[in-house]
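S.K.: From first to last, the protein sequence lines stand for chains A and X.
For what it's worth, this note's numbering labels the leading residue of the first sequence as 39, then goes sequentially.
For what it's worth, this note's numbering labels the leading residue of the second sequence as 39, then goes sequentially.
In case anyone wonders, no lab produced these hints; they're calculated from the structure.
A hint or two may mislead.
To be verified - In silico BS3-like cross-links for lysine-lysine, where the CA-CA straight-line distance does not exceed 30 Å:
| # | chain 1 | residue 1 | chain 2 | residue 2 |
| --- | --- | --- | --- | --- |
| 1 | X | K219 | A | K374 |
| 2 | A | K186 | A | K124 |
| 3 | A | K424 | A | K544 |
| 4 | X | K424 | X | K513 |
| 5 | X | K544 | A | K602 |
| 6 | X | K509 | X | K423 |
| 7 | X | K116 | X | K219 |
| 8 | X | K261 | A | K374 |
| 9 | A | K264 | A | K313 |
| 10 | X | K602 | A | K544 |
| 11 | A | K609 | X | K548 |
| 12 | X | K261 | X | K313 |
| 13 | X | K519 | X | K536 |
| 14 | X | K69 | X | K509 |
| 15 | X | K374 | A | K219 |
| 16 | A | K536 | X | K609 |
| 17 | X | K374 | A | K261 |
| 18 | A | K44 | A | K116 |
| 19 | A | K548 | X | K424 |
| 20 | X | K374 | A | K264 |
| 21 | X | K544 | X | K602 |
| 22 | A | K536 | A | K44 |
| 23 | X | K536 | A | K609 |
| 24 | A | K509 | A | K519 |
| 25 | X | K69 | X | K124 |
| 26 | A | K544 | X | K609 |
| 27 | X | K44 | X | K124 |
| 28 | X | K219 | X | K313 |
| 29 | X | K116 | X | K44 |
| 30 | A | K609 | X | K513 |
| 31 | A | K609 | X | K544 |
| 32 | X | K69 | X | K424 |
| 33 | A | K374 | X | K264 |
| 34 | X | K548 | A | K602 |
| 35 | X | K602 | A | K548 |
| 36 | A | K509 | A | K586 |
| 37 | X | K374 | X | K44 |
| 38 | A | K602 | A | K519 |
Computed from a predicted structure; not experimentally measured.
2 protein chains.
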Amino acid sequence: MAFQYKAPLRDMHFVMHDMLGLESLYQQLPKFQDTNRDLIDSIVEAGAQFCEGELAPINRSGDEEGCQFDNGVVTTPKGFKEAYAKFVELGFASLAADPEHGGQGLPPTVGIAFSEMMGTANWSFGMYPGLSHGAIRTIENHGTTDQKETYLTKLNEGTWSGTMCLTESHAGSDLGIIRTKAEPNADGSYAITGTKIFISAGEHDLTENIVHIVLARLPDAPKGTKGISLFIVPKYMPTADGGVGERNTVACGSIEHKMGIKASATCVINFDSAKGYLIGPPNRGLNCMFTFMNTARIGTAVQGLCAAEGSFQGALEYARDRLAMRALTGPAAPEKEADPIIVHPAVRQLLLTQKAFAEAGRLLCYWMSTQTDIIEGGVADEEAKKAADDLLSFLTPIGKAFLTETGYEAANHGVQVYGGHGFIREWGMEQIVRDTRIALLYEGTTQIQALDLLGRKVLQTQGAMLRNYTKIVHKFCEANKDNADMAQFIAPLAAINKEWGDLTMKIGMKAMQNPNEAGAAAVDYMMYSGYAVFAYLWAWMAKVAQDKIAAGEGDAAFYQAKVKTAQFYFKKLLPRTKAHAEIIEGGVDVLMDLDSEAFAF
Amino acid sequence: MAFQYKAPLRDMHFVMHDMLGLESLYQQLPKFQDTNRDLIDSIVEAGAQFCEGELAPINRSGDEEGCQFDNGVVTTPKGFKEAYAKFVELGFASLAADPEHGGQGLPPTVGIAFSEMMGTANWSFGMYPGLSHGAIRTIENHGTTDQKETYLTKLNEGTWSGTMCLTESHAGSDLGIIRTKAEPNADGSYAITGTKIFISAGEHDLTENIVHIVLARLPDAPKGTKGISLFIVPKYMPTADGGVGERNTVACGSIEHKMGIKASATCVINFDSAKGYLIGPPNRGLNCMFTFMNTARIGTAVQGLCAAEGSFQGALEYARDRLAMRALTGPAAPEKEADPIIVHPAVRQLLLTQKAFAEAGRLLCYWMSTQTDIIEGGVADEEAKKAADDLLSFLTPIGKAFLTETGYEAANHGVQVYGGHGFIREWGMEQIVRDTRIALLYEGTTQIQALDLLGRKVLQTQGAMLRNYTKIVHKFCEANKDNADMAQFIAPLAAINKEWGDLTMKIGMKAMQNPNEAGAAAVDYMMYSGYAVFAYLWAWMAKVAQDKIAAGEGDAAFYQAKVKTAQFYFKKLLPRTKAHAEIIEGGVDVLMDLDSEAFAF
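Chain A with its partners taken away, still in its complex shape (with noise of 0.2 Å):
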C-alpha cells in the first residue's frame, strides 16, 4: 500500500539545466568536457529505472526484515544482494570515480543526481555502496601507488565495499579522544587493536571484502586530535592477483538495533591486533580526513532531499486521493461523499512546505556538487577552483544541518497528511520519518553543523566566507532590481541578504567578549542562515522560471508552479527567520545561568 516512487526527472532537468546549465559548465571543464546533456540524461534515466524499479521495492521489506546478526555473519534483507550485484553490473558504483582506477570519470553532480534517486528509493541500501566513498577518497588523497593499485579499482567497481571507522563507544563527536592502537609490527604494518562502534556497512553479505579505513593512534602520539592516524585495514588480505587471501583479525562483534535505516547494519567492529597499513602522515589522520569532509557531507545533505522528495511524492498521491470533510468554501467534488484533503489550506500548508524544502534542496545539493565539479575538473584557473571551494566550504554546514533538519520536518508533514494512516508501517510515511531521524545525527549533528558554520567558516574568517556568498546574492538582486517581476522576492532577498550580515556583526562583537555567545546562537544562525540560503535559491529559481515564460520556452504550466512555489516560500517559510534573529538577540545567560544540579529537582 506504500506509495511508488517516481524519480523527479522533470525537476532534475530543470535544475541540472536550466538552473546550472551542466552542459556548457563541463564544456569549461577539461576533464568533463565530453558530458554533454544527452549523456546526462541518459544516465539519469537509467538511474531512474533502476531505482524505481529496483530499490523502491524492496524499501518496505528492508525496513521489516532488517539486517540479521549471527556469529559474526551480517546478512542483509531479501533482495539486496540481487539488487547490489545489479547495481556494480550496471555501472552505477563507479559514475563518478576516477577512470586510472576502473571509475567512469563522470562529474560528481552526476553520481548525486543518482545518490538522489538512490536514496529516496531506499535509503538503507544507499548507505553501502555511500560508505565507500569516505575510504575512496582517503586512499585517492592520501594512499601511496601500491595502496591506491590494491584498492581502488575494487572498490570503484563496487565488489569491495569501503568503511570510515571512527566512532568510540565513549568518543563521538570528539574524537581527540578515541583510544584505539595502531602498534608497529616488524614488516612495516601495524597491529591494531580496539573497538568500534557505529560502523556503517562494517560487515555485510554484498561485497567479497570489505576495506576499513580506521582511525587510531600510534604508540608516541601527543594526545588529542594532534595524535590520530589512518589505517587501511582491509576484512581479508588482498593477493597478488587482486583477489582475496587470509581472514584478518577484524570481526562484526554485533549490530545496533535502531530505530531506522533497519536494512543497514550499523556495526561493533573489533580489532583484535589486525593488520592495518598507515595511510597519510603519522598523526595527521584528521586532517587527512578534512581534505574531503566537504563533499562527503553533500551526501548526507542529500538525505535530507530525498526525505523531503519521498515524503511529498507519498503525501501528494494520498491528499489527492483521500476524502475528508468539505472545502471551507463549497463543496469542490459535490459528486463524492466528500472533498480530497489537497483542498484545505492546513493540508497544502504541509504539502507546499515539502515540496518548497524538497526543490530549493535539490538545487543546494547539485549547486554544492557543481562546485565540486569546478574543483575536480582539472581547470588551471586557481582563483576560479579557491572560489568554487570556499563557497562549498560554507555552504556544506548549511547543506547537512539544513536540509537535514528540513527534510525531517518534511518527513513528519508526511505522516500529518495521512492522519492516522502515516502511523502505520505499511504505508511507508512513518518510515521515511524514522529512516532520515538519523542524518540530523551522523556526520557532525545539527549541533556540530552549526559550530562549523559560525565558529569557523564565518566568523574566524573576520565573516569572509559570509561575506563572499552574501555577494553573489547582491549581485543577483542588482541585475533584477528594475525587474517588475521579480520586486516581490527581490525586496525581501535583499533585505534578509543584509539583515544576516548584520546579524553576524553583532554575534562576532559578543563573542569576542564570551565565546559561549557563539555556541548559544549557533544553532538559531545555522537555520537563519538556511532560510536566508534557501530565499535565494527560490528568487533564483522564479527568475529563471518567468523567463523561460516570457520566451515562451517549455511547459508553462511548470514554471508557473515554480513561481508559485517561491511565493509560498517567501510568504510561509521565510519569516521563520525573524524567531531565529529574535532567538539569537536572547542571548547566551539564560542558557547558562543554571547550575547543572538546578536542572530538576
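Given the structure of chain A, go ahead and fit chain X onto it with the hints provided.
M.R.: The following block gives chain X in isolation, referenced to the frame of chain A:
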C-alpha cells in the same frame, strides 16, 4: 541501558499545591471536600511507586515484543497482564470514578497526576485504562439506569475495559461519512454491522470483558453528522449476576503494525450483526460525544507532557554523564578527559526547551483539569461552572495540539542530546519519539484542533472565549505591574496578550471575506496561542516562585530554577510567535493558488 523514570514529585507538588492550591480549591467543592493535601500526596506517592516499579520496567520490553495477534486473540507483551492486575488491585483504575458505581470519587486532577506518571513510565500500558474513560463517560452521561448498573462498576474497577469505535477505513476526521449500520431487532436491541479501524484496546487479554461504544447509522438516519447514533456493544453479553455470558458477534480482525505504542493493541474490529444497545437519543451520537470531548482530550494533552518529561529526564542524565569536547570558555572538568556535554550552550538549549515545555505543560494539564474539578465538584454557583467550562473549552484544543507538538519536539531533542546513541533502541530515547508521534494524529489531528480553536472557539464566539482568557492574563499583568522583579515578564506578556487580540481581529475580518483565510491561519494561530498561554504560565510560575523566595519558604534553589527557566522561556521560546504572526499575515493566496495538478510534474 535506558534511563530510569523517576516521578517528578517535587514539581508535581509545586503545581498542585503552590500554583493551584488544590486543598483550598477542594474545600469549596462539596463533592471533593475530603480531598486534603495529605490524601493527594499519599495517592501520588503510591502512584509514583507503582509507575516507577511496575510500569517503567516493562516499557522497553513492551516496545520490542509488541502485541501479538493470532486468529482473533490479542496477547499483550510479557508483564502487562500482571501489571494490569496490580493496577486494578491497588485501585488506580477507579481513582476519579463515580463512587455510586465503584469509584473512589477523587477529583479529576488527582487522576490526571496519576495519568501523567503512568503515561511517562509506559504510555502503551496507559492506553488500556485510558480508553475505558470514553466508554465510562458516555454511559454516565447518556446511559439508562439499567445500562449504568450493568456496566459502570465493572468499567470503573477495571475488571472490564472499554473502547470508542469511531473511525472507519475511509472516515477518520470526517465521521459524517461512516457506514456502520444498526438495524433494530425485535427485542429492542440492534444488530450492528460494519468494520471499525484504529480501535485502541479493541481486543486484549487484560480484562474479562470489553465494552465497545460504537458509532453507527440507524436505517432511517439522515446523511452526515446528524445521522449518527451511539451503541453499547459488549464483547461478552453481561449476565444478570454481573458475570459474562455468551460471546457477541464482534471480533478483532487484525492489529496494526505501527511506528510506536507497540504494546498498545490497535485493532480492526468487525461487527457482524453484533448485538448492541442504543445509548442516548437516536441520531444524536456525535452531540453526546461532544459533551465529554473536552475532558477526554486532556488525556491526550497529557501525552505531550509525558513525552517532554520523559525525554527531559533521559537527556538530562546523559548530558551530565557524557563527556565530549571542552567548554568554549575553557575546561570545566579538567580532571576528566573531556567536559560533560551539559557545559555546551547548544545542549543546554535543548535541555531547557524540554524542561520549559514539560513544566508549563504540567501546569496547563493540571490547570485545565481543575476546571473539570470545578464543573464536577457539585458547586452551586452556575456562573463559576460556566466560567470553568468556557476556560476549559478554550484551552482544550491548545492543550491537545500545542502540548503534543511541543512534546514531540522535546522527544526529538532527547534523541539529539544522545547523539548517535539516541537512534539506538536500547537507550529508550527514540521510543519516546515513536510513541508520541501518534499524539499529533489521534483524538483530532493538530490541524483539526487548530480549526476547532480558531473556528469554533474563537471566531464563532466573536472572540468572547479569547477575551475571557486574555482578561485573566490582563488582570495578572495589572496586579504585578509595580513589581520590579516581575517587570521582565510582565512587559512581554502584556504585549503578547494585546498582539494576540489584534491578530485575531485581523484574521476575523479576513475570514468574513474568505473562509479559507481561517483555514490558512489556523495552525500558526494555534501555535501562536500556545506560546502565548505558556508565557502566562511561566510568568505566573515565576511570580509564585519569587514570592516563596521572598517569604523564605521551601527550597530556594528550586524556586530560583523556576525563575531562571521562565527567563529562558521568554528569551528563547516566546520569540517563535514572531514567525507565526508573520506567517499568518502572509495570508491564504499562496496556499490556494496552485492547482492540485500543478503540485508535481
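S.K.: A separate judgement is required for each hint: does it hold in the structure or not?
M.R.: Consistency of the hints with the structure:
For the hint pairing K219 of chain X with K374 of chain A, the CA-to-CA distance comes to about 20 Å; that is within 30 Å, so the pair holds. A C-alpha spacing of about 25 Å is found between K186 of chain A and K124 of chain A, which places the hinted pair at or below 30 Å, so the restraint holds. In summary, the hint linking K424 of chain A to K544 of chain A is supported, as the alpha carbons are separated by about 28 Å, within the 30 Å threshold. Annotation: proposed proximity of K424 of chain X to K513 of chain X holds, straight-line Cα distance about 19 Å (limit 30 Å).
Restraint check for K544 of chain X and K602 of chain A: satisfied, since their Cα atoms lie roughly 24 Å apart, inside the 30 Å limit. About 17 Å separates the Cα atoms of K509 of chain X and K423 of chain X, which keeps this hinted pair within 30 Å; it holds. Of the pairs offered as hints, the one joining K116 of chain X and K219 of chain X is violated, with about 37 Å between alpha carbons and a cut-off of 30 Å exceeded. With a C-alpha separation of about 13 Å, the suggested pairing of K261 of chain X with K374 of chain A holds against the 30 Å cut-off.
Proposed proximity of K264 of chain A and K313 of chain A is supported: the alpha carbons are some 23 Å apart, at most 30 Å. With a C-alpha separation of about 24 Å, the suggested pair K602 of chain X and K544 of chain A falls inside the 30 Å cut-off, and the hint holds. For the hint pairing K609 of chain A with K548 of chain X, the CA-to-CA distance comes to about 17 Å; that is within 30 Å, so the pair holds. In summary, the hint linking K261 of chain X to K313 of chain X is supported, as the alpha carbons are separated by about 23 Å, within the 30 Å threshold.
For the proposed pair K519 of chain X and K536 of chain X, the alpha carbon gap of about 15 Å is at most 30 Å, so the pair holds. With a CA separation close to 29 Å, the supplied pair K69 of chain X and K509 of chain X stays within the 30 Å bound. The suggested pairing of K374 of chain X with K219 of chain A holds, with an alpha-carbon distance near 20 Å, which does not exceed 30 Å. Simply put, K536 of chain A and K609 of chain X have alpha-carbon atoms about 24 Å apart, close enough for the 30 Å limit, and the pair holds.
Simply put, K374 of chain X and K261 of chain A have alpha-carbon atoms about 13 Å apart, close enough for the 30 Å limit, and the pair holds. A hinted pair counts as satisfied when its Cα atoms are at most 30 Å apart, and K44 of chain A with K116 of chain A qualifies at roughly 22 Å. At roughly 52 Å between alpha-carbon atoms, K548 of chain A and K424 of chain X are farther apart than 30 Å, so this suggested pair is violated. With a CA separation close to 18 Å, the supplied pair K374 of chain X and K264 of chain A stays within the 30 Å bound.
For the hint linking K544 of chain X to K602 of chain X, the alpha-carbon distance of about 35 Å lies beyond 30 Å, and the restraint is violated. Among the hinted pairs, K536 of chain A with K44 of chain A is inconsistent with the structure: their alpha-carbon atoms are about 39 Å apart, more than 30 Å. Of the supplied pair hints, the one linking K536 of chain X and K609 of chain A holds, its CA atoms being roughly 24 Å apart against a limit of 30 Å. With a C-alpha separation of about 15 Å, the suggested pair K509 of chain A and K519 of chain A falls inside the 30 Å cut-off, and the hint holds.
Distance check on the hinted pair: K69 of chain X and K124 of chain X sit about 28 Å apart at the alpha-carbon level, within 30 Å; holds. For the suggested pair K544 of chain A and K609 of chain X, the alpha carbons sit about 17 Å apart, so the restraint of at most 30 Å is met. Simply put, K44 of chain X and K124 of chain X have alpha-carbon atoms about 19 Å apart, close enough for the 30 Å limit, and the pair holds. With a C-alpha separation of about 12 Å, the suggested pair K219 of chain X and K313 of chain X falls inside the 30 Å cut-off, and the hint holds.
At most 30 Å may separate the alpha-carbon atoms for a hinted pair to count; K116 of chain X and K44 of chain X meet this at roughly 22 Å. Our distance criterion of 30 Å between C-alpha atoms is broken by K609 of chain A and K513 of chain X, whose separation comes to about 35 Å. As the CA atoms of K609 of chain A and K544 of chain X are separated by approximately 17 Å, the hinted pair is consistent with the 30 Å bound. Annotation: proposed proximity of K69 of chain X to K424 of chain X holds, straight-line Cα distance about 18 Å (limit 30 Å).
Distance hint between K374 of chain A and K264 of chain X is fulfilled; the C-alpha atoms sit about 18 Å from each other, no more than 30 Å. Taking the CA atoms of K548 of chain X and K602 of chain A, the gap is near 21 Å; set against the 30 Å cutoff, the hint holds. About 21 Å separates the Cα atoms of K602 of chain X and K548 of chain A, which keeps this hinted pair within 30 Å; it holds. The straight-line distance between the Cα atoms of K509 of chain A and K586 of chain A is roughly 25 Å, inside the 30 Å bound, and the hint therefore holds.
Pair hint K374 of chain X plus K44 of chain X holds up; C-alpha atoms about 28 Å apart against a cutoff of 30 Å. For the suggested pair K602 of chain A and K519 of chain A, the alpha carbons sit about 20 Å apart, so the restraint of at most 30 Å is met.
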